[in-house]
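Participant: The residues making up each chain are set out below.
Protein chains: 2
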Amino acid sequence: MTESANHSSTIALIGAGNLATHLALALVGAGHQIVGICSRSGSSAQRLLDRLGQGGVATSQVADLPTADFYLIAAKDDAIAQVAAEWPSDKRTGILAHTSGGVPIDALHSAGAPYGVLYPLQTFSKDRAVDFQAIPCFVEGANEEIAQQLQQLAQSISQQVQFLDSERRRVLHLSAVMACNFVNHLYDLAGQQLAQHGLSPSLLQPLIKETADKIKNLSPREAQTGPAIRGDQRVLDAHRALLAQQPLTLQLYNLMSESIFQTFHP
Amino acid sequence: MTESANHSSTIALIGAGNLATHLALALVGAGHQIVGICSRSGSSAQRLLDRLGQGGVATSQVADLPTADFYLIAAKDDAIAQVAAEWPSDKRTGILAHTSGGVPIDALHSAGAPYGVLYPLQTFSKDRAVDFQAIPCFVEGANEEIAQQLQQLAQSISQQVQFLDSERRRVLHLSAVMACNFVNHLYDLAGQQLAQHGLSPSLLQPLIKETADKIKNLSPREAQTGPAIRGDQRVLDAHRALLAQQPLTLQLYNLMSESIFQTFHP
Chain A
43 MTESANHSST IALIGAGNLA THLALALVGA GHQIVGICSR SGSSAQRLLD RLGQGGVATS
103 QVADLPTADF YLIAAKDDAI AQVAAEWPSD KRTGILAHTS GGVPIDALHS AGAPYGVLYP
163 LQTFSKDRAV DFQAIPCFVE GANEEIAQQL QQLAQSISQQ VQFLDSERRR VLHLSAVMAC
223 NFVNHLYDLA GQQLAQHGLS PSLLQPLIKE TADKIKNLSP REAQTGPAIR GDQRVLDAHR
283 ALLAQQPLTL QLYNLMSESI FQTFHP
Chain B
43 MTESANHSST IALIGAGNLA THLALALVGA GHQIVGICSR SGSSAQRLLD RLGQGGVATS
103 QVADLPTADF YLIAAKDDAI AQVAAEWPSD KRTGILAHTS GGVPIDALHS AGAPYGVLYP
163 LQTFSKDRAV DFQAIPCFVE GANEEIAQQL QQLAQSISQQ VQFLDSERRR VLHLSAVMAC
223 NFVNHLYDLA GQQLAQHGLS PSLLQPLIKE TADKIKNLSP REAQTGPAIR GDQRVLDAHR
283 ALLAQQPLTL QLYNLMSESI FQTFHP
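The listed protein sequences correspond, in order, to chains A and B. Quick note: the first sequence, position 41, residue 83 per the working numbering, numbers continuous. Quick note: the second sequence, position 29, residue 71 per the working numbering, numbers continuous.
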């Protein structure tokens with residue numbers, strides 16, 4: 043994205059976790075300058091600054107952050123309203139934005155600064171590189187001008203940027219919880235069944251990979267297979283018997299099978 | 043796998059669907075000969091034989107299949123017992139095996155032939171190539187000798203072959219249902235939420251891919267994120283409100299969130 047060089051911004055980050063790390067790497071890669079990072083103790087902020095190699099201020103106090111064009115909150119959802127409530131009055135010229143799918147834009151209203159949202163739809167792990175350019179990013183601003191500035195910033199790191207209001211961002215977040223958090227929990231439950239019978243959870247990896255890959259070409263509806271579609275009671279009962287000692291997982295099995303069946307027999 | 047050339051077998055297939063197709067391609071690739079294929083009308087059997095380019099008999103009648111070293115049933119679960127019950131007496135020298143995760147070995151007992159199971163743990167689509175060598179395959183035989191012959195056959199097409207009795211294969215099948223069928227249904231439900239609000243389900247693809255990729259390096263337990271872990275009622279309630287008109291999906295949401303919470307707060 044060559045145009046990003048024309049719009050180099052100064053950015054301060056609140057948070058130094060997985061999202062903050064990947065965001066900072068992408069922003070620096072796009073030619074922006076991370077001028078400061080705030081983390082609870084300041085030490086993970088310093089480690090992230092060291093990794094970025096641009097200098098900047100590491101602190102545990104938002105008040106000590108340098109002035110910046112953008113202040114991006116990449117911290118836990120709970121922390122967002124508190125950051126806004128305690129936002130220093132000398133930092134009300136730059137745009138304050140959070141990066142959460144589950145928090146409405148209004149959570150930042152009390153900051154007294156121009157505010158908005160820049161939500162990257164992805165799950166981040168510290169040690170796994172991600173291609174930020176491929177991550178869909180969703181922006182919202184307290185007004186049109188803020189939204190456009192956040193759009194410009196987002197477009198410097200992602201090829202897929204769109205405006206999205208808080209109400210639809212909530213839908214997106216719900217979908218992400220289903221397709222990521224719930225899916226991952228099913229990986230966990232499936233692996234547990236194997237481990238309990240002396241089989242390696244890693245046996246599932248080719249299946250998990252292909253299940254995810256398949257829906258690049260087929261819709262999930264077209265890709266659906268398995269005993270639940272046709273309500274194959276013989277197989278369903280055999281599985282239920284295996285889950286007799288795991289009441290919550292058994293409930294999940296029944297409800298998921300019912301949901302699949304109803305999808306195909308509405 | 044060079045050793046496979048020393049053990050070229052003749053194989054007849056019952057079934058010409060996705061699994062039969064990928065199995066046939068892998069077997070031919072390993073130097074075996076597909077001497078005949080039986081499908082309901084015979085026409086998809088002929089199409090598959092044409093694709094393999096080795097000749098062979100296409101038929102709709104099991105009785106018309108040529109004699110072979112192995113008869114592999116790659117048909118729907120329901121068809122397996124019927125194939126066994128009607129198994130022709132002139133085909134009782136070769137090994138009859140099914141390829142299903144959900145059907146016990148004994149379903150083939152009535153055939154009067156040596157019988158067993160060769161179960162490849164994967165989901166197959168007609169138009170997607172798969173690397174059979176990477177697919178875990180599980181074999182079981184009515185006796186030790188049959189098991190070994192099936193192992194040898196499986197090892198010619200897969201690098202991951204192990205013996206597994208019907209009881210543990212059922213556990214494996216349950217796990218596969220969770221990690222594939224249920225996961226795919228969550229992709230479907232998540233995409234539906236987006237579509238209902240004018241958003242493209244394809245927005246989820248980078249997230250889905252990363253969620254599957256992550257667990258190559260992290261256990262699903264380590265990889266788990268999201269509002270349900272910490273029981274974040276504000277976010278959970280917001281999601282529940284979105285699902286108010288979808289009672290079954292709302293139940294699923296609650297149960298999945300509860301199962302995640304209990305996993306981390308046992």
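Hints should not be assumed to be uniformly reliable.
Which copy is meant is left open, so a pair is good if it fits within one copy or across any two.
[What the hints assert, rightly or not] Straight-line C-alpha distance at most 20 angstroms; calculated SDA-like pairs for lysine to any residue:
id: 1; residue 1: K168; residue 2: S86
id: 2; residue 1: K133; residue 2: L260
id: 3; residue 1: K168; residue 2: Q304
id: 4; residue 1: K251; residue 2: S261
In case anyone wonders, no lab produced these hints; they're calculated from the structure.
Participant: All the hints need checking, so say for each whether the structure fits it.
Facilitator: Do the hints match the structure? See the list:
Taking CA atoms no more than 20 angstroms apart as the test, K168 paired with S86 passes inside one copy only; the shortest distance there is 12 angstroms, against 49 angstroms between copies. With identical chains, the CA atoms of K133 and L260 are never at most 20 angstroms apart, being 49 angstroms at best within one copy and 39 angstroms at best between copies. Taking the shortest alpha-carbon separations for K168 and Q304, neither the intra-copy value of 39 angstroms nor the inter-copy value of 25 angstroms comes in at or below 20 angstroms. In this homomeric assembly, K251 and S261 come within 20 angstroms of each other (Cα to Cα) both inside a single copy, at 16 angstroms, and across copies, at 15 angstroms.
Checked against the numbered hints listed earlier, the structure breaks hints 2, 3; every other hint is satisfied.
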